[in-house]
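The primary structure of each chain is shown beneath.
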Amino acid sequence: MKKITKIFLLLGFLFVSLSLAAQSQGDMRINEFLVNNTNDFEDDFGHKSGWIELFNSSYGTVNIGGCYLTNDPANLTKYIIPKGDILTKIPPRQHTIFWADNEPFRGTFHVNFKLEDSQEILFVASDGKTIIDRIKIPVDQLDTNVSYGRSIDGIGKTDGSEGWQVMDRTSPSTNNEGVDSVPKSVTIKKADPYGIIMALTAMSVVFLALVVLYLVFKQVGKHNIKRSRERSVVSMSESSKPKAANVSAEVYAAIAASLHAYWQGDDNHDIENTILTITKVTKNYSPWSSKIYTLRETPHKK
Amino acid sequence: MEKGLFSLIGDNLQQFIQYTGFYNATFNHIIMIAIGLTFIYLAIKKEWEPMLLVPIGFGIIVGNIPFFPGLSIGVYEEGSVLNILYQGVIKGWYPPLIFLGIGAMTDFSSLISNPKLLLIGAAAQFGIFGAYAIALLMGFSAADAGAIGIIGGADGPTAIFLSSRLAPNLMGAIAVSAYSYMALVPVIQPPVMKLFTTKKERLIRMKPARAVSQTEKILFPLIGFLLTCFIVPSGLPLLGMLFFGNLLKESGVTRRLAETARGPLIDVITILIGLTVGASTQADKFLQLTSVYIFILGALSFVIATSAGVLFVKLFNLFLKEGNKINPLIGNAGVSAVPDSARVSQVVGQQYDNTNHLLMHAMGPNVAGVIGSAVAAGILLGFLS
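Protein sequence lines, in the order shown, are assigned to chains Z and Y. So in the working numbering, the last spot in the first sequence is 307, and the numbers never skip. So in the working numbering, the last spot in the second sequence is 1049, and the numbers never skip.
Don't read these hints as lab results, they were simulated from the structure. Mixed in with the good hints there might be a few duds.
Stated by the list, open to error - In the DSS-like style, the derived pairs of lysine-lysine whose C-alpha atoms are separated by at most 27 Å in a straight line are:
#, chain 1, residue 1, chain 2, residue 2
1, Y, K985, Z, K231
2, Z, K227, Y, K780
3, Z, K141, Z, K162
4, Y, K978, Z, K227
5, Z, K189, Y, K949
6, Y, K881, Y, K780
7, Y, K871, Z, K227
8, Y, K871, Y, K989
9, Y, K985, Y, K858
10, Z, K227, Y, K989
11, Z, K94, Z, K119
12, Y, K755, Z, K189
13, Z, K223, Y, K881
For reference, chain Y alone in the conformation it holds in the complex (with noise of 0.2 Å):
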């Protein structure tokens, strides 16, 4: 009897002991545990995208605590609490949330007032097209190469949406990088700047924007949609939430839908996105080989899009008049990483010339580029999917 006891202790003992962490743990585990760290720490003492870092550190090591499988509790486990939050990102329903919201709170009156600067935006997506001819020739699919390759429009939610859609299976490895990569620009994109430009280039003035009137704001959404839907009518999910959400915005009478969408909306989706694609970086799906060359295609978009904004910049200003060229240091800003790379082009400019304020210029470019992207990946999953 008294044997039977302690065997049944003892059972359930070593039965608890398999069920920990401790026991399940691998090295990978280890090391993914060690970014999720890494990444909180960027976050909090360097402050490197905190909103984005933060629920994606803590994601990670969420998604990689070693536990015994079948319990239900992991993010790829079928009807799980994770697997459930996990589905926003699987279905590609947060990216369009949490383009509404951005939607909501971007003001397009710099991009109005010098409607050229559109072309800038346009410009900068080669980052993506770049990136997509280098993965073939190192010989990912055609789908996969057009999930990587969007990287380079430097916007998260579009990269998720995309990723979803071409390749489920590289998701995790494709956010980490766009989002990490966003968090980089303040370091990628200064040296290319500096080196596609002269220092009588980096000094060029621009003419100040003109005032632009609340019927222009409400209309740019309005025709902004539908011109680009009509044209790229794939990019209907982002595209038609960044623009509802400015609509919402300039419209004047939804002020309270307006504030909702850039408030508390965006605010839970980005926790919920980073959260659950954190967790999805689980080290045996995260830690290959594959993982390190999206990284590095990832980098290659970045350096790639910053330097198509730049030149393309130059080769505009030799068809431009005295006094309406552009400084080129705003091309950076036409990846669609908003505000970070509109504030890359105003602290590089007022290194050469403290007078000189670019950002608002700069905003131009930065929210066409968030156009771009959007309609860069409807093309993509029109032709790939």
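Chain Z with its partners taken away, still in its complex shape (with noise of 0.2 Å):
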């Protein structure tokens, strides 16, 4: 029994650790690329280059040091994400971009490989062999300067079967789907001014969470009384029959008294009358354990 609970542990232990690690590079995403770069974003070095964007898709920080960025499925640890970089910290939903301009000298961000060359871009887990997400290239789709990217950040399948389109335009460490969207308060405000759905809406939800939770209390209750009931059934006709428990201790202690001077002869004891008293002695209070004698007295004003 030990055994099993000691396994149901384990496995416990190595669930949690491998949802934890599923919580980092795993979560980082292709987001958006640009081929042919001509009039587009250009990087700190004045150079303009085609370009990947990946995406921390989770809300906690990934280091994606470590991690490679290939564009060859028979070589998938062509470009190393360099570690030791403070920059390979990508915040919670945010992004990074990497220049393709075969110029890893360069620095970090940029990668040994250009998009012009390439069929597939793939970004692949620290152990050079996990692929995190992949997205092959549609050449005959992209124009120069138009960019290939996931609709909405970080959504969709890994495998690029799903979720990506020619973009508009081009959004080099920004939201795919655009900056300038509405906030969630002020929408609500526009289609509910007085906020009498958000009233109506929101109390069905507090009274549906509490009703739920009082239907539930109600059979736990029931079956409860029910229990409790069928117990004081059964105790009640144990009750009923006899009992040694209902001899008293004074009862017993006068028994093993009589036993013992009879088994010893009558050596312990000369001749007395023959009714033996046992007095019951509590003591609950002891002046050593008083705390009243360990306290100075309250001062009383005059």
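Taking the hints as your guide, dock the two standalone chains into a single complex.
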């Protein structure tokens, strides 16, 4: 039984650690890329080249140092993203750009291949084997300075089969769906200027939550009352049977003392009257443990 | 040489004077310090929520000591001690810790024995959404209105948690308003309770609560947590900690943890939250017309919540058999000011029949109010953030 518990615990820990791993590099997505760049974003050196945008789709910072970017499925470890660069820590829901200029000596964010020569882009985990995300480059659909990206940041399959489109405009290092989206609270105020819909919806949800709790605990209560009744019936039927437990402790003590006196011969006692008196002594209070004597007297105001 | 020395001393003195509070004081600082002192007076002399009003009152004074900016001492100056302590408010991790303590000190027995009282806790949350609607009419944005409305939940930590998410700029005013009205529960609620009830209704005697088993007490936080958080996941930080604290209390095997949660931990957080929320009410950020509106809306939300609770009980009684009826004087306790509003039910009830003890009955909707307001906060967060 203990072994089974240990196995379950071990499996539990394994599951938890696996899910922790899943929340890190596995949440990175190739989000957008531009193959032919002649009149678009330029790097810190003033050069225009193709770029790949990665997006951290999680709500925690992900360090992509040690992961790989490649354009060759047969060589998954083509470009290793250097470890130890603070900029490889991608904040939650943020983007980062890699320049596909085949100039890796220019820094962490310049890979050793060009997109013009590529059929596919792959983002590989730091183990060098696990493909986290991949996308085939639709060469025939992409004009110069036209990018290809996910319709909504981070959403869609990781084999590029769903959620991608030719972008109306490039959006390096920013949201693909546009940053000028109206905040939720503004939309709500527009749709419900007097707050009536909100009040009704929210009150319904509050009631729903507490009604469900009420119904569950009504049943739990009923079940509990039924069980306690059953228990009391059983205990009543048991109490009607003659029981040794009804005999008081004093009687046992008297019997034990008599037997002891009998078996010892009567050496312990001289002639006494035959009444055995046992007084129960309960001593809950002792001056040794009393707090009264360890405290100072409260001063009285006169 | 001598002239240079005197000039240096003069310059230093002048600089010193410019650094003093006397030099930098404005009329607004004086007003805020007076408000802080009033809070402390009310807490000590009148004993109105002293655990809250003393730290908040002193915090108001701390936050309104006039000083030369840039010394890294103010609550809004990054890296200052007060700013670091204030992060618990801004990032919203003080309120869930307070909820942990509340869970560890709350006995849900009265609610478990009579679960229909949960519905009163739900009804009283109408105060939140009533105030939300009025705030929208007054021109507040939906997010600001949501943060203001939560004052009606009568729950300081929840108000701070939600306002830190939806309207950080209004947090000081919302927190002070929520805590002030919580302290004023014995003043605000009785007239409303009497207004909506008849003398006959106030004399209703409720059936005594049945004994609740240990198993039920353990099941309550587990089932309560799973059900409420599956329905409103955005309430997870508050509901999770509330029910976790209660499980520590009821499990019977984590006594030390429960005692820490309901004792030293909640005390430490109460001190920090009170002091920093008070300090965040700097005159230039607090003394605005918006704060006045927030105070008015806060009062209205309390009145609406109390009315909704009382009226709901009256409505509910129409469907209950004679002998099972609920005294509408416990309707006010649906707001989550624990145990103050339950105590108000007891006091008002005894004014009409001094042998009718409503306290334990009122504790049911009172603790349901804690759950209800956390659920409501989760809904507002989900809709508006």
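For each hint, the structure was consulted:
1. K985/Y / K231/Z: 22 Å, holds
2. K227/Z / K780/Y: With a Cα-Cα distance of about 13 Å, the restraint between K227/Z and K780/Y holds, given a limit of 27 Å.
3. K141/Z / K162/Z: 12 Å, holds
4. K978/Y / K227/Z: 25 Å, holds
5. K189/Z / K949/Y: 26 Å, holds
6. K881/Y / K780/Y: 16 Å, holds
7. K871/Y / K227/Z: The hint holds at about 16 Å.
8. K871/Y / K989/Y: 8 Å, holds
9. K985/Y / K858/Y: Holds - the C-alpha atoms of K858/Y and K985/Y are around 24 Å apart, at most 27 Å.
10. K227/Z / K989/Y: Holds, at roughly 19 Å.
11. K94/Z / K119/Z: 24 Å, holds
12. K755/Y / K189/Z: 21 Å, holds
13. K223/Z / K881/Y: 13 Å, holds
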